[in-house]
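J.: These are the residues of each chain, in order.
There are 4 protein chains.
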Amino acid sequence: MESRARVLIDCKDAKGLVYQISKVFYDRNLNIDSNREFVDKENGRFFMRTVVSGKFDPDELDAALKEVAPTDAHIRVVTPKEKKIVILATKESHALGDILIRNAAGELGASIECVIANHETLRDLVERFDIPFIHISAEGMEREEHEAKVMAEIDSHTFDYIVLAKYMRILTPAFVSSYAEKIINIHHSFLPAFIGANPYKQAYERGVKIIGATAHFVTDDLDEGPIIAQDVIPVNHRFDWKDMQRAGRDVEKTVLSRALDLVLHDRVFINGNKTIVF
Amino acid sequence: MESRARVLIDCKDAKGLVYQISKVFYDRNLNIDSNREFVDKENGRFFMRTVVSGKFDPDELDAALKEVAPTDAHIRVVTPKEKKIVILATKESHALGDILIRNAAGELGASIECVIANHETLRDLVERFDIPFIHISAEGMEREEHEAKVMAEIDSHTFDYIVLAKYMRILTPAFVSSYAEKIINIHHSFLPAFIGANPYKQAYERGVKIIGATAHFVTDDLDEGPIIAQDVIPVNHRFDWKDMQRAGRDVEKTVLSRALDLVLHDRVFINGNKTIVF
Amino acid sequence: MESRARVLIDCKDAKGLVYQISKVFYDRNLNIDSNREFVDKENGRFFMRTVVSGKFDPDELDAALKEVAPTDAHIRVVTPKEKKIVILATKESHALGDILIRNAAGELGASIECVIANHETLRDLVERFDIPFIHISAEGMEREEHEAKVMAEIDSHTFDYIVLAKYMRILTPAFVSSYAEKIINIHHSFLPAFIGANPYKQAYERGVKIIGATAHFVTDDLDEGPIIAQDVIPVNHRFDWKDMQRAGRDVEKTVLSRALDLVLHDRVFINGNKTIVF
Amino acid sequence: MESRARVLIDCKDAKGLVYQISKVFYDRNLNIDSNREFVDKENGRFFMRTVVSGKFDPDELDAALKEVAPTDAHIRVVTPKEKKIVILATKESHALGDILIRNAAGELGASIECVIANHETLRDLVERFDIPFIHISAEGMEREEHEAKVMAEIDSHTFDYIVLAKYMRILTPAFVSSYAEKIINIHHSFLPAFIGANPYKQAYERGVKIIGATAHFVTDDLDEGPIIAQDVIPVNHRFDWKDMQRAGRDVEKTVLSRALDLVLHDRVFINGNKTIVF
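Taken in sequence, the protein lines are chains A, B, C and D.
Take the first sequence: its letters are residues 11 to 288, numbered as in the numbering used here.
Take the second sequence: its letters are residues 11 to 288, numbered as in the numbering used here.
Take the third sequence: its letters are residues 11 to 288, numbered as in the numbering used here.
Take the fourth sequence: its letters are residues 11 to 288, numbered as in the numbering used here.
Same shape as in the complex, but just chain A (with noise of 0.2 Å):
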C-alpha cells in the first residue's frame, strides 16, 4: 500500500548528505514529493525535510537513513497522524478562539486534548466547543504551588505540544525544562523589542509605528527562545495604548495560529536559539 511519510534529519554537515540520503530513497523506489535542505556554516550543521511517497515500512527507512547519517544526526520519519496539544490561556479570548474555530473548521490538523487557564472567564467559550476546560487558579498561592498542579493536569495527557495561547504567568525554569522544545508562546510584541510586562504600553510610550507579535519556542523564560514567526502592523499617533492592544489581538492570533500550523506540519527545526522554516 501506497503511503507518505515526512523525513526530517537534523546532524552535522558532512560531504554527500544529500547524496547518501537520496540514495536511500531511490533504493527503496521512494516518490521525493518536496524536499527542501540548509546548511548552517556557521555551525556545521545539515537540516533536511523531504516528503517521500512509496511503499515503505518506517522503522526500515528510519534504520536506513540512520546508517548513513552521521552518528549525531537527531532522524525522524513521520506519517501522518494527528498530533495532540494542550493550550494553557488565562482571559483573552483571541488567540484561544482562533485556535478552537480552526480546529472547529478540521483546519488544525491537531487534537486539542484540553485548556487549562487561571481563570474561569473562558470556560464557557472552551465548553461552547466540548472541549475540556480546567480551571487551576493561582489564587493565595505560591508560583511553585500553581504550576505543580498545571503540570499535574498536563502530565495526565497525552500530547506533543503546549500552546500558551496568552497565558499570563511567569514560567519557572523547572516547568519550562520539563517540556524542553514542546511550549510554543505569543509574546505580543516584535521582539527584541518590548521584552516584559504590558509591550502595547512600552510600544505607546516609545511612540513606534509599527506594532507587531512573535510566536517562540519557550525556553528559559518567556520572552526569548527560538522566534517561529512574526508580523507586524502599522499603528499612528492617534493610537493610544488601549488601541494598540485592540490592533495587536488581530496580529497576535494570525501569527501564533501560523506558528502552530508550521510546527504541527513537522515545518520547523530549532537550531540553537534560531529556527529553520521549511
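To be clear, the hints were calculated from the coordinates, so they are not data collected in a lab.
Check before you lean on any hint, since a few could be wrong.
[Claimed, not checked] Each pair of labels, with its calculated beta carbon distance range:
id, chain 1, residue 1, chain 2, residue 2, range
1, A, VAL88, D, PRO68, 32 to 42 Å
2, D, THR182, B, ILE180, 51 to 61 Å
3, D, ALA24, A, LYS252, 27 to 37 Å
4, C, ARG179, B, LYS91, 53 to 63 Å
5, A, VAL88, C, ASP170, 44 to 54 Å
6, C, ARG153, D, HIS84, 47 to 57 Å
7, C, LYS51, B, GLU155, 25 to 35 Å
8, D, SER147, C, ARG179, 33 to 43 Å
9, D, ARG14, A, GLU152, 54 to 64 Å
10, A, ARG216, C, ARG14, 42 to 52 Å
11, C, GLY282, B, ASP69, 40 to 50 Å
Note that this is a predicted model, so its numbers are computed, not measured.
Backbone N, C-alpha and C define an ideal beta-carbon position, used for all residues, glycine too.
Place chains B, C and D on chain A using the hints.
T.: Chains B, C and D only, in chain A's frame:
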C-alpha cells in the same frame, strides 16, 4: 494675488480652538484646502495643520492666530519655498544615493547645500550631481575636535535640517543640542530593538524573522528620539547577517526618504518623545 | 448629564463649513474629542466626522447643524448604541467564526440578530454561540424564489447592516437595491484583480506573488462597489491554488472584521464608488 | 584551484533525479553550498538550483549532468561572472536612477552596457555615471521603424538581459520574440489589476486601498508574461492619482531592483507563464 500657506499650530488644548482658528480663516475669506487636528489627551496638547489658500498677508494671519490661541502656542505660517538640507554621511551610498536621485528628479522639494563625510568614499558619487562634497577626516582626532570642524562647516551654511544618511559617528550631546529638532537620522533596525552597534548582526544572532529601519529625530543619543517613520521586510534562516544588511538597505533608504518627505512638507510635529504625522 | 455623540456630515463643499459647524459646537459648550475632515475636490464634496461630548439634546444639535449646512447635507448625530447585523453565509466558517468569536468577547460592538445560510454546514458552529441559525436551501429553486425567502427572513429582523461572510450566491439587482449601502461583502481577491469565480484558481494560474482580499459595500454586483478595506499576503511557486485559498482565509477574515469594525464605529462614508475612511 | 558554480536544471520530472544529480556532485567530490528543488506536479516539471564548490571543469560537469538528466533537460553550469544589461527608458528617472546608484555602489552585480531612451530627458543623469546614453526619438516614425533602430542599437551590444526601466512604448510581437526570456519590465500596478494605460488613474477611480507594482518577463505584450516580483503599499482617500503615482514610484523601483537582483543571480526559472524563484 492668490497664495497658499501651511498653518501649523501646536498649543495647550482648550475648548473652542477649532472654532476660534477657523473663524480667523473665515473672516479673511480663506479656503481650507485640507485640515487635520489631533488632541493628545494624556498631555493636554492640541495640534493642527491646515492648508489655506486665498489672499492674505502671512504676518497678519500669524498675528491674528496668536490672538486667539493660548499664550504658549507655537504657530507657523509656512509659505511654500524650498527648504535647505545639509547631509552627513560616511561610506555607504544607498541612503544618500536615493536622496541625490530624488533631488536630481526634482522630487525632493529641498535644496542640498552640501554633503559632509568623514571618509572620501562618496566624493565621486556626490560630485556627479554637482553638489559640494566636504571631507572632514576624524583620523587621529578626539571626537570633540572632529565635531567642532563639522559644526563649523555646517554653520557656514543656511539650512533647515541636517540629515544623517548613514553617518556612522556617535554625536556628542553638545552637537545634538546645538541643532535641536533639526537632525534626522536613519537607524538600521526596527527601534527599539537592536539599539547600538551592528543591529543586523544582533538581529541575525537573535534569529528574527523580520528586520526593519527607523527614521527619527535625534535627541540625546543616536538611537532615541521621536520616531518619524518605520518599515520592515521579512527575512528567514537562509539570511546571514550580511544578507540581512543587504536586504535592509532598501528599507533604510525608503524609510529615510519617506521621513524626509514628511518633514520637508511640514507634516511632522514633535510631541515630547513622539511625533504627530499628518 | 454628560453624553457623547458621533456627528457625521456629508455635503456639498462650501467656504466656512468648518467654522460654521465648529461654531454650533462652541455655542453649546461641547468638547471636540476628535475631528476629521476631507474635501473631495474633484466632486466638490465635504465630509466631516466629529466626536463631541458635553450636555446636549441630539435632536436640537441635529437641527442646529442643518441650519448652517448646505441644503443637500446628510447629517447624522449618532449616540452610542449597539448596532444590529444580519449575517449571510454558505459553508465556509473562517470569516463567520472570526465574527462570532469577537462577538463572544464583546469586541464586535454589534448584536448579531441571526445567521442565514443556504446550507446546513454552519448550524453547529452558530448555535454553539446561541445565535439563531436559519437554513434557507436554494435547492431546486429559481434565484428569485430563493432570494424572496431570504429577504422575508431578513426583513423580519431589525438591522443596520447585512454582512456577507463568504455568502457564495450571486445577488440580484433587486436584492441589492433593497438594501442600498447596507450590504458588506468580503471578496477573496485583491479587487479589481480576479473578478468572478474562484479567484484563487485565477491567481494561481496567473502566477502572482501576492494574494489579497477586499471588503466592500455591495452595489450592482458582487465584485464592484465601494472598497472599505484590503490587505495582502505573499505567496510563491510552492503554493498550489488550494494552498493560496488556505493562506487567503486569514486575510479574508482579518479584512472583513476590520471593515466591519470601521463601519460599526461610523468611520466610513460612501462617496460615489469610493469610501472615505476616517 | 577551488571554484564555485551555480548549477541550474530544468527538466521533465522523473524518479531518482535528486539522487542521480547529487551522485554527479558526489563523484566529483564537490561541496553543495546550497540546494533548492521544486517539482511542478501539475505539469510534471523538475527544477533544481545548486551552488557547488570544489575543483571541477564546468564543461565536464555539464556533460556529466546531461548524461543523467532526461533528454529534454535544460542544464546550465554558470560560473560567476558579471552579467551585462541594456536598459530602455523614457523620461522617468526613479527606476533607472535606483539601478544606476546600485551599480555605482557595486551592488548590482552586472555591467550596464548602455541606456537607450526615446527622449533626451535622462541623458544628464545617465552620463553623470559615465554610462553611454543613446537617444532614439520616435518622433514622426511608425512604431516598426523606431523599433528597428532600437533593435539595431541593442544588437550592437553583448548583453544577457534588456531591462525596461519605465520604458513607456508598446513593443511589437516581433521585438518581444527577438529577445525571448530576456526582457524584464516593471509595470506600475499590482498585475493583473489595471492592465493598460495609466494604472494609477484607474486605481484612483476604482477607489482601491492598496496599490502595487509588478516586475515580469515580457512575452506577448507589455502587461502579461511571467511575474518575478510584486509588492504593494497602502493608500487612502486623501490620495489623488498623482499622489498614488508618487507613492507608487518607491514600490516600482524596489520591485524592479529586487527582480533584477534575482534574475542576475540566476534565481529565477521561467515555467510557462509563471516563475520559480529560488
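J.: Any hints from earlier that this structure breaks? Give me their numbers in increasing order, please.
T.: Violated: hints 3, 7, 8 and 10.
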